[in-house]
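Engineer: Each chain is listed here by its residues.
2 protein chains.
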Amino acid sequence: MGLLVVGSLGLDTVETPFDKVENALGGSATYISLAASYFSGPIYLMGVVGEDFPQKYIHLLENHSVDLEGLQIVNGGKTFRWSGKYHYDLNVRDTLLTELNVFEQFNPEVPDKYKKSKFVCLGNIDPALQIKVLDQMEGPHFVVGDTMNYWIEGRKEKLMELLKRVNVLIINDSEARLLAKEPNLIKAWKHIREMGPEILIIKKGEHGALLFTDETIFSAPAYPMEMIYDPTGAGDSFAGGFIGYLHKTQDLSTENMKRAVVYGSAMASFCVEKFSTKGLEGLEYFRVQDRFREFLNLSRVDEK
Amino acid sequence: MGLLVVGSLGLDTVETPFDKVENALGGSATYISLAASYFSGPIYLMGVVGEDFPQKYIHLLENHSVDLEGLQIVNGGKTFRWSGKYHYDLNVRDTLLTELNVFEQFNPEVPDKYKKSKFVCLGNIDPALQIKVLDQMEGPHFVVGDTMNYWIEGRKEKLMELLKRVNVLIINDSEARLLAKEPNLIKAWKHIREMGPEILIIKKGEHGALLFTDETIFSAPAYPMEMIYDPTGAGDSFAGGFIGYLHKTQDLSTENMKRAVVYGSAMASFCVEKFSTKGLEGLEYFRVQDRFREFLNLSRVDEK
Numbered sequence: 000m001g002l003l004v005v006g007s008l009g010l011d012t013v014e015t016p017f018d019k020v021e022n023a024l025g026g027s028a029t030y031i032s033l034a035a036s037y038f039s040g041p042i043y044l045m046g047v048v049g050e051d052f053p054q055k056y057i058h059l060l061e062n063h064s065v066d067l068e069g070l071q072i073v074n075g076g077k078t079f080r081w082s083g084k085y086h087y088d089l090n091v092r093d094t095l096l097t098e099l100n101v102f103e104q105f106n107p108e109v110p111d112k113y114k115k116s117k118f119v120c121l122g123n124i125d126p127a128l129q130i131k132v133l134d135q136m137e138g139p140h141f142v143v144g145d146t147m148n149y150w151i152e153g154r155k156e157k158l159m160e161l162l163k164r165v166n167v168l169i170i171n172d173s174e175a176r177l178l179a180k181e182p183n184l185i186k187a188w189k190h191i192r193e194m195g196p197e198i199l200i201i202k203k204g205e206h207g208a209l210l211f212t213d214e215t216i217f218s219a220p221a222y223p224m225e226m227i228y229d230p231t232g233a234g235d236s237f238a239g240g241f242i243g244y245l246h247k248t249q250d251l252s253t254e255n256m257k258r259a260v261v262y263g264s265a266m267a268s269f270c271v272e273k274f275s276t277k278g279l280e281g282l283e284y285f286r287v288q289d290r291f292r293e294f295l296n297l298s299r300v301d302e303k
Numbered sequence: 000m001g002l003l004v005v006g007s008l009g010l011d012t013v014e015t016p017f018d019k020v021e022n023a024l025g026g027s028a029t030y031i032s033l034a035a036s037y038f039s040g041p042i043y044l045m046g047v048v049g050e051d052f053p054q055k056y057i058h059l060l061e062n063h064s065v066d067l068e069g070l071q072i073v074n075g076g077k078t079f080r081w082s083g084k085y086h087y088d089l090n091v092r093d094t095l096l097t098e099l100n101v102f103e104q105f106n107p108e109v110p111d112k113y114k115k116s117k118f119v120c121l122g123n124i125d126p127a128l129q130i131k132v133l134d135q136m137e138g139p140h141f142v143v144g145d146t147m148n149y150w151i152e153g154r155k156e157k158l159m160e161l162l163k164r165v166n167v168l169i170i171n172d173s174e175a176r177l178l179a180k181e182p183n184l185i186k187a188w189k190h191i192r193e194m195g196p197e198i199l200i201i202k203k204g205e206h207g208a209l210l211f212t213d214e215t216i217f218s219a220p221a222y223p224m225e226m227i228y229d230p231t232g233a234g235d236s237f238a239g240g241f242i243g244y245l246h247k248t249q250d251l252s253t254e255n256m257k258r259a260v261v262y263g264s265a266m267a268s269f270c271v272e273k274f275s276t277k278g279l280e281g282l283e284y285f286r287v288q289d290r291f292r293e294f295l296n297l298s299r300v301d302e303k
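So the protein sequences, as listed, match chains A and B. For the first sequence, counting from 1, position 32 maps to 31 in numbering that gives the first Met the number 0; every step adds exactly one. For the second sequence, counting from 1, position 234 maps to 233 in numbering that gives the first Met the number 0; every step adds exactly one.
If you are wondering where the hints come from, they were derived from the structure by calculation, not from laboratory data. Remember, predicted model here, so these are calculated numbers, not experimental data. Each statement offered as a hint is correct.
No copy is singled out in the list; a pair is fine if it fits within one copy or between any two copies.
Straight-line Cα separation of at most 20 Å, EDC-like style, residue types lysine to aspartate or glutamate; simulated pairs: (1) Lys-257 to Glu-293; (2) Lys-112 to Asp-134; (3) Lys-273 to Asp-18; (4) Lys-163 to Glu-152; (5) Lys-186 to Glu-293; (6) Lys-186 to Glu-272; (7) Lys-117 to Asp-250; (8) Lys-189 to Glu-205; (9) Lys-180 to Glu-225; (10) Lys-186 to Glu-225; (11) Lys-247 to Glu-302; (12) Lys-180 to Asp-88; (13) Lys-247 to Asp-301.
Please work from the sequences and hints to get the whole structure.
Structural biologist: Structure (structure tokens):
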């Protein structure tokens, strides 16, 4: 059974202090799918693009075990576009342009063969669309969801409705503080727990990630990198690695969740090493495992 | 043989969203000494206070195995004073007042019995004073040093002279970036390595700490805390726990340095749980060890 991924596919124009790319492959569903594809196929991708979406990107996705029956291609439509510029320290970025285009009319219709998927990853899109997807699912399924400031501020009601149906919420620290209206992350977790998700993962960029469950807190190591070329997609790659590993192992124990967080971190680290999705293309699985072990070694201490 | 600590002793007025204290015990040497005192005594403290320094603080230090032969008490002088206010998220603080007072004329004279100390911790004071202390030492000694933006910007030359004689530099991430003129922390480490220190520890507050050596990088876990009452002294408590553990174990291997970083983090976590130095007073050593294990558990993952 495939892993269902829904989210955006886009053409990104990105400038960093090192380089600039135009109309490169982007979008939350793209990064999630590529990152997840290294663990277990197939990926059932749901999203929408315009007629201008390059054929080479279709092939790229297909070559990474991504099933495209759920991808809507709108005749005469224009693909979602995003443009951003990163500053010298790469932690700050300006969004220069967001053109929704075909995304404005997106009405996700889950293909029959996707409906019984046991694992669903909801990339960062309007919570109303995320709910629409869940409404069409049949049978039990495990839901990993992402969101962002924009929806927390502008779509709170729909988001709260969604959160009741999300098992794992993956957001960054500022989003967690905003959602919970609470600066302290442990207290924020307790508030978010009451909104629905039984597990919260807080991504902290270069500072690692925190996993909160009812029984435990896990602090995944920060992985200091010498060269970060393009931070775009890091959070989505994290989510893709996380759910990809869960989907592969079919093990939802806390111990396995911890490993999944580290695999998520590993995929994010590959992502930022190159521009656009290049860092997630054509990896060998043994490199993913090596990176996983490097992460573990980074935080290993003998108690003595 | 005692552990030599030099730095400031002060009277702090601190306001956080939770409370306010006036003329509480503070200063880098104070926090370092109290934190280190749990590992192995005695602590040889060097610093200066005025006649107004309360007797109860003298007793408090003495009760924590702190030897005060190196403490100068200036007749008619006024103790160093600092006042700060923390904002809602506790990561931002405003310094409201800094009065050097007796510190302005401080001329550290190392008592004979301190001169052969094998471990020296230089708290954050003028690098010229830190050098003066090292100049008086006899025999080999291992030096842990702290500094801050103020000296990096205003006393660069003296600081560079000092760094040649420091084994472990402990600073926070913004200080590391400023000192190395480099936003990327791995590259910053390489620059700082060339300035002298063979080991660099970068404190990242709530995000944990990084240890850099020629062979390895170690990422110490962040320890999410539900109640942080007063962040003052956290960095100094870290340094005190770090060198206190090294002094106790007399083991400078990389593996032991990692443990020392975790003990440093543990002492910092005790420090911020209460106002001023209260969190570091009268702890039982088993509580320090329990906290150390909690830190280790926080980042433990089975590779499977």
